[in-house]
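Given only the sequences and the hints, what does the whole structure look like? Please build it.
Heads up: the sequence shown is residues 73 to 155, going by our numbering.
To be clear, the hints were calculated from the coordinates, so they are not data collected in a lab. Think of the CB as a built atom: it goes at the ideal place given N, C-alpha and C, for glycine as much as any other residue. A couple of the hints might just be wrong.
Per label pair, the in silico range of CB-to-CB distance [unchecked claim]:
1. E119 x N154: 17 to 25 angstroms
2. N154 x A120: 31 to 39 angstroms
3. A89 x I115: 31 to 39 angstroms
4. N106 x R148: 32 to 40 angstroms
5. D81 x T116: 36 to 44 angstroms
6. A134 x Y98: 13 to 21 angstroms
7. E112 x L153: 48 to 56 angstroms
8. D133 x E112: 21 to 29 angstroms
9. E119 x G99: 22 to 30 angstroms
10. D84 x A134: 26 to 34 angstroms
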Amino acid sequence: MEETAIKADLLDKIEHADGEQLQQIYGMVLNYFNAVVPSEEWITMPEAMQSRIIESLEQADAGLMRPADNVLKEIRKKYDLNG
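Take a look at the structure:
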């Protein structure tokens, strides 16, 4: 497929996408362009740390996150750090 045909097809798909689909397309495009060239920090980061970050991002995308305030309250209560 030629570049102009690909662009036209993509634009057509975007034009006919509903709101949710448009948000998903936008996220995928941003992720693609942000991840094309990995940063030096990512490349030199230990694999275990990369795995944890990827896992955390997947959990956040799946809606499995909690507000930081709630987490901090639980930690303070658990370790009796309320002052």
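We went through each hint and held it up to the structure:
1. E119 x N154: 17 to 25 angstroms: About 38 angstroms separates the Cβ atoms of E119 and N154, which means 17 to 25 angstroms is violated.
2. N154 x A120: 31 to 39 angstroms: holds (33 angstroms)
3. A89 x I115: 31 to 39 angstroms: holds (34 angstroms)
4. N106 x R148: 32 to 40 angstroms: holds (35 angstroms)
5. D81 x T116: 36 to 44 angstroms: holds (39 angstroms)
6. A134 x Y98: 13 to 21 angstroms: holds (18 angstroms)
7. E112 x L153: 48 to 56 angstroms: violated (36 angstroms)
8. D133 x E112: 21 to 29 angstroms: Since D133 and E112 have Cβ atoms about 25 angstroms apart, the given range 21 to 29 angstroms holds.
9. E119 x G99: 22 to 30 angstroms: holds (25 angstroms)
10. D84 x A134: 26 to 34 angstroms: The hinted range 26 to 34 angstroms holds for D84 and A134, with Cβ atoms some 30 angstroms apart.
Hint compliance for this structure: hints 1 and 7 are broken, all remaining hints hold.
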